[in-house]
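Line by line, the protein sequences give chains A and B.
Going by our numbering, the final residue of the first sequence carries number 310, and the count climbs one at a time with no gaps.
Going by our numbering, the final residue of the second sequence carries number 597, and the count climbs one at a time with no gaps.
FYI, nobody ran anything at the bench for these hints, they're computed from the structure.
Check before you lean on any hint, since a few could be wrong.
Residues on chain A that point at chain B, a partial pick, calculated with CB under 10 Å [unchecked claim]: (1) F25; (2) A46; (3) T48; (4) F119; (5) V168; (6) D247; (7) I292.
The calculated label-pair distances, taken between Cβ atoms and stated as ranges, are [as the list claims (entries may be wrong)]: (8) B/I577 x A/W82: 40 to 50 Å; (9) B/L374 x A/L154: 33 to 43 Å; (10) A/L224 x B/A453: 19 to 29 Å; (11) B/S312 x A/R118: 25 to 35 Å; (12) A/P201 x B/D313: 19 to 29 Å; (13) A/Y72 x B/S539: 28 to 38 Å; (14) B/V517 x A/V67: 27 to 37 Å; (15) B/L403 x A/V67: 40 to 50 Å; (16) A/V302 x B/F336: 33 to 43 Å.
No farther apart than 27 Å at their CA atoms in a straight line, the calculated lysine-lysine pairs in the DSSO-like style are these [unchecked claim]: (17) A/K301 x B/K316; (18) A/K113 x B/K314; (19) B/K316 x A/K113; (20) B/K314 x A/K115.
Values in this document were obtained by computation on a predicted structure and should not be read as measured data.
Positions of the beta carbon are idealized from the N, C-alpha and C atoms, including for glycine.
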Amino acid sequence: MAPNGRRLSDYIRRLGNLEMNEGAFALILILPSVILTLGLILWPLANTFVMSLHESNLARPQRQDFVGFQHYIHFLGNRMFWETIGRTFYFTFVSVGIELVLGIAIAMLISAKLKGWRFLRTAVIIPWAVPTIVNGAIWRWIYNADYGALNGLLLQLGLIDKYIAWLVEPHRAMNLVILADVWHSAPFVVLIISAALVSLPVELYDAASIDGANGWQRFTRITLPLLRPAILVVLVIRTVEAFRVFDIIYIMTRGGPVNGTMVISYLTYQETFSYLHLGRGSALSFIVSAFIFLLALLYVKVLYTEDVAV
Amino acid sequence: MSDKAKNFIWRAFLYFCMLILLLLIFAPLAWLFISSISTRAELLSVPPHWWPHEPTLQNYLDILAPTETTSRTARNFRYALTNSIIVSGTVTLVSLIVGSLAAYAFARLRFRFRRSALLAFVSLRMLPAISIVIPLYVVLRGAGLLNTRTALILVYLSFTLPFVIWIMTSFFQSIPMELEDAARVDGCSRLGALWRVIIPVSRPGLVATGVFAFLLAWDEFFFALLFTSTPDAKTVPVAIAEFTGRHAIDFSAQATGGVLAAIPPVILALIFQRYIVQGLTAGAIKG
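Chain A with its partners taken away, still in its complex shape (with noise of 0.2 Å):
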């Protein structure tokens, strides 16, 4: 054994002393993450296309009937489908659009340096770093229509005179979950466009107060046109992440009352799990995808074009 041993870790020395060329060694380098993506993403994916072309049921995977693409016609000319996903692009802008606006002015207040601006700093930081499951179980418990915090605070303000069932009215129920989406995910936008004001150039700043310019103009003439690059990242990061929301819908509504937080994650959740339509589920998470894939496609493009440096 022993002189085996030996030439076998001689053998290893030599491996790892060895003068490869480059490409030889960026291939090994590569290579677990190629295979690892190759079986967990690309393989999943392209079998899920597969499915869709497929009748199936989740209780009995392996028969399985061709359909071509009636899944996808089944879905494009459904009423229910077009809903939700005017619901999931309703989720999407508002939720964003609220936490870049919001972000964005808590950025600028936290550059202001009153006093505490540190502390500020780091506050913004933990509702980021509660567990989106967390974040929906806290917000769900304020809003409890019996025993709630918010009922309670409203009451005693007096500016309710009996508590209300928030999660019961649709329409409303899906505000109040982007409310708790945004509590979450304003922190985000502040992360990142704090960083990119720390890196502007002060000069520009001091030139624009010679010249007269005053606060407001400042900020629209100088700092926006500057945060572009940061923005565009931020917007597209987050409506990604809003597009496939799934986590704080089950923990806060189910999809519900009567659809009204119903997005297309959930859809595609409930198709598959819950009524076991493999087929149908797949079809519906392949669109779910190809739309993610165009804002991906958007993402880098913007990261590629915009040069960005900050």
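Got chain A sorted already, so can you dock chain B onto it with the hints?
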């Protein structure tokens, strides 16, 4: 109005905003904590007791030191904590190692398809879990891996790995090339230069990325919800969702679980605050 007065009013307004903001940040968290130290009966009082008349740590004891009388859900929460720690920790370690190697190649070596491969990884990060979950479910079930931590670790790599590659590439790019060149002139092999020079220098980047990957894994809910149904592998987010039972919600237990689930990521985020901001911007901005 003089400029001075205007300035004073403006600053007063800003302080007011700051106060409101801090209130909005901390009030929900405070309420979560207060709910966790309230008894079930007190939580159901109308109007709410903003501070419990009889604060109790019983909910925490139920989870951290369960006895025979504790509810099953509370008892299972402890397993969930263990599962979450093991899964998130392992995923972080594996994706850091595997991902950094690839990131190094992307940042430093010239090879064919370098740019397009990197772009592919960047866009893969965007894919929603739902678009890969069904085949993964079928395969894992076939392999008898449902309800195992192994399955979660494997599947979580699908989102931490592209993330690590993405962020570490920009970190490696920010390290001056001369460092490696010097090491190579001194007779280091490529692997040697990577191991002895680049890795030590990029420790801040590795730490930031690692913390980030950990947070991502700790937060994950969707895969865990679908792939686990017993205490053997259920993670914390799933356990918290389960306090919302079919018939009633155990609010105080859910609040306690929420506090325990939030503590590790919040502490990590506060400790590594600076790194996280750096990592976010490096990854998000430079790609």
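Hints and how they fare:
1. F25: Holds - the Cβ of A/F25 comes within 10 Å of chain B, reaching about 5 Å at its closest.
2. A46: Where the cut-off is 10 Å and the nearest Cβ of chain B is about 8 Å from A/A46, the hint holds.
3. T48: Nearest chain B Cβ about 6 Å off; hint holds.
4. F119: holds (8 Å)
5. V168: Since the shortest Cβ distance to chain B is 16 Å, the answer is violated.
6. D247: holds (5 Å)
7. I292: holds (6 Å)
8. B/I577 x A/W82: 40 to 50 Å: Holds, since B/I577 and A/W82 (Cβ atoms, about 44 Å apart) stay within the stated range.
9. B/L374 x A/L154: 33 to 43 Å: Holds, since B/L374 and A/L154 (Cβ atoms, about 35 Å apart) stay within the stated range.
10. A/L224 x B/A453: 19 to 29 Å: With a Cβ separation near 53 Å, A/L224 and B/A453 fall outside 19 to 29 Å, so the hint is violated.
11. B/S312 x A/R118: 25 to 35 Å: holds (31 Å)
12. A/P201 x B/D313: 19 to 29 Å: At roughly 26 Å between Cβ atoms, B/D313 and A/P201 fall inside 19 to 29 Å, so the hint holds.
13. A/Y72 x B/S539: 28 to 38 Å: holds (31 Å)
14. B/V517 x A/V67: 27 to 37 Å: The hinted range 27 to 37 Å is violated for B/V517 and A/V67, with Cβ atoms some 51 Å apart.
15. B/L403 x A/V67: 40 to 50 Å: For A/V67 against B/L403, whose Cβ atoms are near 44 Å apart, the range 40 to 50 Å holds.
16. A/V302 x B/F336: 33 to 43 Å: Given a distance of about 35 Å, which is inside 33 to 43 Å, the answer is holds.
17. A/K301 x B/K316: Violated - the C-alpha atoms of B/K316 and A/K301 are around 44 Å apart, more than 27 Å.
18. A/K113 x B/K314: This hinted pair holds, its Cα atoms lying about 18 Å apart.
19. B/K316 x A/K113: holds (18 Å)
20. B/K314 x A/K115: Holds, at about 19 Å.
Going through the hint list in order, the structure does not satisfy hints 5, 10, 14, 17.
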